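Residues per chain, in single letters:
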Amino acid sequence: MHANNFLSKNNFDAYRKMCNGPRIASPSDHLVPIEEQREVASRISGVDYIELPGRGHFIRDYDFPELVANVIDKMTSQ
Amino acid sequence: MWYPSVINDLVLATNPATQHPLFPGGSVLRTFPDPLDAHEEIWIRFMEEQIEIGEKDVVIGHSSGAAAILRYIETRKVEGVVLVSAYHSDLGDVTERDSGYFNRPWNWDAISRNANWITQFCKSPCSERMNCRPFGEEKTINMSFDHAC
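In order, the protein sequence lines correspond to chains A and B. One point on numbering: in our numbering, the residue at position 65 of the first sequence is 65, and numbering is uninterrupted. One point on numbering: in our numbering, the residue at position 65 of the second sequence is 65, and numbering is uninterrupted.
In short, the hints are calculated from the structure, not lab data. Quick caveat: nothing in here was measured; it's all calculated off a predicted structure. Backbone N, C-alpha and C define an ideal beta-carbon position, used for all residues, glycine too. Hints are all accurate, no fakes.
Here are some of the chain B residues that sit facing chain A, going by a computed Cβ distance under 7 Å:
id: 1; residue: W2
id: 2; residue: S5
id: 3; residue: G80
id: 4; residue: I118
id: 5; residue: Q120
id: 6; residue: C122
id: 7; residue: K123
id: 8; residue: S124
Result set (EDC-like, lysine to aspartate or glutamate): computed pairs, CA atoms no more than 20 Å apart in a straight line:
id: 9; chain 1: A; residue 1: K74; chain 2: B; residue 2: E79
id: 10; chain 1: A; residue 1: K74; chain 2: B; residue 2: D9
id: 11; chain 1: A; residue 1: K74; chain 2: A; residue 2: D63
Please take these sequences and the hints and turn them into a complete structure.
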């Protein structure tokens with residue numbers, strides 16, 4: 001098992017740009033709608049799909065214990 | 001942001017049965033080039049040539065990072081994948097459309113086949129009980145994030 005790589009762009013400027021745009025100007029708009037994410041899950045065979053309530057776009061969290069526990073579980077149950 | 005915390009926790013993680021580190025090869029947390037637009041051609045090249053993601057690696061991707069990983073493993077194998085707030089279309093956004101990830105069909109069979117395991121985390125819709133505020137009452141970025149999934 002090699003490196004644990006971590007990909008994200010920390011794209012706060014883009015988020016601001018998107019959030020000021022018309023696409024999210026109504027209460028029904030989301031940065032990434034949950035229907036879109038469920039669609040992704042439905043396309044991946046064998047995916048472990050986990051919905052967590054009420055934490056937005058995972059931007060304001062300072063830890064992510066569910067993710068850590070999941071990776072440890074996957075890597076020790078192979 | 002949770003990235004450093006997750007990396008630190010996983011660096012310290014050990015196999016309960018053997019007490020050996022789960023990731024003896026270490027961890028990589030990098031700021032990507034082209035951070036605002038996240039063009040596929042730039043990111044995929046960076047993942048391949050700079051980070052050198054390999055078949056025994058676990059890759060965690062958030063938002064655009066999730067889209068990049070999905071494209072990456074269409075043609076390359078990895079050990080495991082964690083997707084956070086993943087999407088597969090441009091969501092009607094010009095920046096997303098120009099990024100390149102969403103201009104052709106996805107090879108879901110290859111994506112499913114090229115990782116030994118894939119976990120996807122998503123946020124459930126907000127509810128009144130969760131004290132989410134109606135969109136449009138404020139203009140702060142935090143407001144927007146409250147309602148993003």
